[in-house]
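Trainee: Read off the chains here:
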Amino acid sequence: MNQLWIGVIGASIALFALRYSGYLVPEKYLTNPRMLRINTLIPIALLSALVGVQTLTEKGKWVIDQRVAGVLVALIALRLKAPYFVVVISAALTSALIYRFK
Amino acid sequence: MFRATATQSLSVSFAVGLYGIAFGAAGITAGFSILQTCLLSLLTFSGASQFAVVGVMGAGGTALSGIATASLLGIRNTLYGLRMAPLLQVRGWKKVVAAQITIDESTGVAIGQEDLGPAAMKQGFWLTGIGVYVLWNFFTLLGALGAQAMGNPSSWGLDAAVPAAFLGLVWPRLLGRFERTLAITALVLAILLTPYMPAGLPIIFTALLAVIFGWKARA
Chain A
1 MNQLWIGVIG ASIALFALRY SGYLVPEKYL TNPRMLRINT LIPIALLSAL VGVQTLTEKG
61 KWVIDQRVAG VLVALIALRL KAPYFVVVIS AALTSALIYR FK
Chain B
1 MFRATATQSL SVSFAVGLYG IAFGAAGITA GFSILQTCLL SLLTFSGASQ FAVVGVMGAG
61 GTALSGIATA SLLGIRNTLY GLRMAPLLQV RGWKKVVAAQ ITIDESTGVA IGQEDLGPAA
121 MKQGFWLTGI GVYVLWNFFT LLGALGAQAM GNPSSWGLDA AVPAAFLGLV WPRLLGRFER
181 TLAITALVLA ILLTPYMPAG LPIIFTALLA VIFGWKARA
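Going line by line, the protein sequences match chains A and B.
For the record, in the first sequence the residue sitting at position 88 is 88 according to the working numbering, with numbers rising by one throughout.
For the record, in the second sequence the residue sitting at position 31 is 31 according to the working numbering, with numbers rising by one throughout.
What the hints contain is simulated information worked out from the structure, not anything from laboratory work.
Here the structure is a predicted model, which means the values were calculated and not measured.
Ideal Cβ positions, reconstructed from N, Cα and C, are used throughout, including at glycine.
Among the hints, erroneous ones may be present.
[Said to hold, decoys possible] Here are some chain B residues the structure puts well away from chain A; computed CB gaps all over 12 Å:
1. Val56
2. Gly81
3. Ile103
[Said to hold, decoys possible] Rough simulated footprint, nothing fancy, chain B against chain A, three-plus residues with beta-carbon under 8 Å:
4. 14-25
5. 35-45
6. 48-55
7. 78-84
8. 94-102
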């Protein structure tokens with residue numbers, strides 16, 4: 001079985017286990033305020049890290065290319081309170097245009 | 001049946017389901033097959049975690065780092081389950097279904113109906129959970145088929161759509177200076193570490209930052 005399949009099945013099992021355990025565990029164990037705060041911060045750190053790595057690196061190297069422009073446009077769209085879909089599409093369009101005409 | 005709750009459930013389902021297209025395309029771009037991409041939506045069914053699996057593994061990360069990142073992002077679903085269990089009071093196979101559709105949106109809509117009482121909250125949970133599930137999976141398939149037909153992902157801008165999708169997910173969470181500082185620190189740290197660590201690890205490493213920030217923050 002190759003890595004991609006392990007990733008697909010492993011992530012599926014992990015997510016189901018995380019969800020189902022919420023229905024089994026008594027509430028008091030997971031409501032420590034510090035744990036709750038860390039829990040809201042983890043997605044911020046991971047998602048931000050993913051933005052950085054997906055925008056400025058490729059195959060383990062730092063790369064500056066059309067993706068940077070795309071993500072900057074997404075940032076502007078978000079500041080203008082554009083809907084999620086517009087954010088993603090505007091990034092794709094910008095990146096595609098630069099890629100084709102450079 | 002609560003009309004206002006139903007309207008809200010359906011609009012949330014459409015808005016969220018639609019960006020399954022972005023995920024479907026991202027899966028193909030990262031080298032996953034159509035079947036694998038669709039299975040991620042059917043079984044993993046958690047936007048940020050799914051994007052993390054294809055993001056980390058698409059960049060050359062191992063299955064283990066993909067699964068670890070997805071799990072760290074998925075911990076919040078456990079907390080949602082804790083919150084929903086006393087409301088839904090489900091047993092047996094219904095508990096399995098409820099767990100599978102326990103996501104940001106179903107929990108959010110349920111909590112949003114608090115003024116209308118537990119019956120409306122339950123309706124909000126089930127309708128939103130099932131609605132997002134059906135539409136998210138339908139649009140994932142559409143996005144995957146579309147990306148497969150397009151060929152080179154760069155020429156369609158899909159290479160920038162993936163980080164933009166992550167940016168859109170993190171944006172609403174950046175409520176204050178504290179959160180923004182964490183976000184920028186994590187982003188810079190992950191980029192700096194990338195050439196020196198196997199793919200995927202710099203991202204997981206930033207979870208430590210979240211622990212440090214959360215530990216030191218004043219309540």
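Trainee: Checked against the structure, which of the hints given earlier come out wrong?
Mentor: Failing hints, ascending: 1, 2, 3.
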